[in-house]
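Protein chains in written order, with my numbering: chain C, 2 to 183; chain Z, 327 to 826.
Just so you know, not all the hints are guaranteed correct.
[Claimed, not checked] Okay, the calculated bits of chain Z under chain C, using three or more residues with CB under 8 Å as the criterion:
1. 596-605
2. 738-750
3. 793-803
[Claimed, not checked] Just some of the chain C residues that point at chain Z, by a computed CB distance under 8 Å:
4. 35
5. 49
6. 90
7. 93
8. 103
9. 110
The set of hints was computed from the structure by calculation and includes no laboratory data. Each residue gets a CB set at the ideal place from its N, CA and C atoms; glycine is no exception.
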Amino acid sequence: MKRLVLSLVVLSCLAVAAGYGAAFLPGPSRSWAPWCLAIGTPGMLLSLMALGALRRGRLPGALGWTFAATFLWCAAAFAVSLALPAREGPGGPLLLGLPLRAAIVVYGVGLVPVLILPFVWALAFESLTLGEEDLRRVREAREAREAREAREAREAREAREALEARSAAGREAPESRGGAPD
Amino acid sequence: MRPLLQASLPPLAQPVIVAVALVYLVVVAAIATWAASRTRTVRDFFVAGSGIGLWTLAIAKMAATLSGFSFVGGPGLVYAIGLAGVFIILPGALTNALGAWVLAKKLRLLGEVRGLLTIPGAIGARYRSPAAHGLSAAAILVAVVGYVATNLLALGIVIDAIFGTGLTTGIWIGMAIILTYTAAGGILAGIYTDVLHGAVMAVASLAVFVFALRSGGGMDHISRTIMDADPAFLAPWGAAGPMTALSFFFVFSLGSLGQPHVISKFYMLRDPRQFKWYLLLMSLALLVTQLLYFSIPLATKALVTTGAMPPLATPDQATPMFLLRFTPVFVAGLVFSGVAAAIMATVNSFMNVGAAALTHDIPVAMGRRLRHELQWGRLSTVLIAVVAAAVAQLSGTLVAFLGIFGWGLFASTIAPALAIGLHWTGATRAGAIASIATGLGVTLVGESLGYFRVYTLPTGISVSGLSLVTSFLVFFGVSWLTRARAAAEIDADIRLVMEL
Chain C
2 MKRLVLSLVV LSCLAVAAGY GAAFLPGPSR SWAPWCLAIG TPGMLLSLMA LGALRRGRLP
62 GALGWTFAAT FLWCAAAFAV SLALPAREGP GGPLLLGLPL RAAIVVYGVG LVPVLILPFV
122 WALAFESLTL GEEDLRRVRE AREAREAREA REAREAREAR EALEARSAAG REAPESRGGA
182 PD
Chain Z
327 MRPLLQASLP PLAQPVIVAV ALVYLVVVAA IATWAASRTR TVRDFFVAGS GIGLWTLAIA
387 KMAATLSGFS FVGGPGLVYA IGLAGVFIIL PGALTNALGA WVLAKKLRLL GEVRGLLTIP
447 GAIGARYRSP AAHGLSAAAI LVAVVGYVAT NLLALGIVID AIFGTGLTTG IWIGMAIILT
507 YTAAGGILAG IYTDVLHGAV MAVASLAVFV FALRSGGGMD HISRTIMDAD PAFLAPWGAA
567 GPMTALSFFF VFSLGSLGQP HVISKFYMLR DPRQFKWYLL LMSLALLVTQ LLYFSIPLAT
627 KALVTTGAMP PLATPDQATP MFLLRFTPVF VAGLVFSGVA AAIMATVNSF MNVGAAALTH
687 DIPVAMGRRL RHELQWGRLS TVLIAVVAAA VAQLSGTLVA FLGIFGWGLF ASTIAPALAI
747 GLHWTGATRA GAIASIATGL GVTLVGESLG YFRVYTLPTG ISVSGLSLVT SFLVFFGVSW
807 LTRARAAAEI DADIRLVMEL
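Extracted from the complex, chain C is given alone in its bound form (with noise of 0.2 Å):
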């Protein structure tokens, strides 16, 4: 599973670079550089959050759905307004308040995650997210690099003082002998 989301990351950063590689060719603009970015982004950002969401390799599948629910709705939202002819003018149609393709954009993309996303990452919290198991073992791991740390510590010390210690010793062995009658 994360062999996929990875390759849907790396995908989706392909389409991003092919919409930009696209504005360097020669000619006119290429009419669909913008639906790379207004499909690949969106890919980015859910694979992204798919990744985080990953444990022990698997996606469990009311995640999985949502976010390739959320991928497909935000992608379709950019996708429909860019297809859609444009009635800006006088006498368009208004979609709570704004034109209609601007609606689908600004409430599709911009409002309706919000009213998905942070129920679904408290709904998942404790048992996919982060649970006392988990905390359980990384303070151990600390615990456990702390004393390694502090045993390391404790060597190199005990392994710098009996070198001082021989050392001193060195310097002694020879004032002695000096000092002492043939």
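For this one, chain C is given, so just place chain Z on it according to the hints.
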């Protein structure tokens, strides 16, 4: 991106506005003094002792996310290019969730297991690499000075408009206020003042949204008025076209994973289990605070179209002119305090991140840890503030240049190595270093070429977007080429955090 404020504000020196601003400063000073007295260790100074609660985290993070740009420059941009300017804040509905799923838990657990203080520290620990640690800290330092200078210039403009101090004096007064509490109390003082800043910003934004709708005769009427006169303004991509708008969306969504002044706050939560309701709180706070960004330019456009408001001298006049003409003076005072609040919150966080890079990350990356880190942290905060204030008053164009690339530089140097690296054991040290270097190089070279008019990118393409997508691809490519060494480069405790 364009600078935070492009023009001077109209004079705001009315008694009520001055009084609101003065009361605001007194409250900030009181909070800062209290918080500074609680700053005793370097952990307090850089990560608030990892002891803040959920509400504090959410509001402070929101305040740090939104700079003064959200109140003045942003609405001005929408006024100038139509709805394309909204694509800067549009990703907010997704970026909070992105940060929560990708970074919140991992960074907090890294802080738990390693006692980390900074974002470069996390990169260094993940790849067991002083080079990646130092390089990301250097990139942060470069961007911080420019960002702080831009924000200090904006704060100087606001202070000058309210108190009539003159721009230079305004810059130094603003710098002195922020420096006082940042150097004394570090991020701990910053966090608690940010709660005030965030609350003021949210209340101000909500109030202005109501006044904007009322003055324009409701959303339907505002839209109809604009559609009659300038249909392109309310096209989904505004007057700038789909590539520009979607490029904004790409940079400001994925780029959010690399903003150190915001994501470092994940280290600060007292109990990682409190993250459960973080996303809901943060999303609502951000949504409310962005209402002003959206409503003022649309209402102003409609009012100018009908002749109820005279044409604006510059787009940045949209917020101040609307407030002075269509809201009670107390609300105007609250919003101008909100602008100052947003700038102060952002500058405080940047100064703290920059000081950490200078006194903690770079020395640690070079194998040396400073003694008396707390004192050095305070000293470097002063240094960054003074350098940034000096830069801010040197040249408007230089400040604009420095401020332009901050977001993109953070994004392209940090996002791939951190956000993907914490989830993919196949990511390698070489991939991280190459990606950071690519982000740094493409941003600095690209922005310089554009600034000096040596080369201009095609329409709709920004250097930030180009450097971000390039650094992602370089990260994947180099990691794949060097994948044989990937597994050996991860410590056991880091691997545990990555698995959870």
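Here's how the hints hold up against the structure:
1. 596-605: As far as the stretch 596-605 of chain Z goes, the hint holds, because 6 residues have Cβ atoms under 8 Å from chain C.
2. 738-750: It holds, with 4 qualifying residues against the three required.
3. 793-803: Since three or more residues must qualify, the claim that chain C covers the stretch 793-803 of chain Z holds, with 5 doing so at under 8 Å.
4. 35: 4 Å, holds
5. 49: 6 Å, holds
6. 90: 4 Å, holds
7. 93: Holds - the Cβ of residue 93 of chain C comes within 8 Å of chain Z, reaching about 6 Å at its closest.
8. 103: It holds, given that the least Cβ distance between residue 103 of chain C and chain Z is near 5 Å, below 8 Å.
9. 110: 6 Å, holds
Checked against the numbered hints above, the structure violates none of them.
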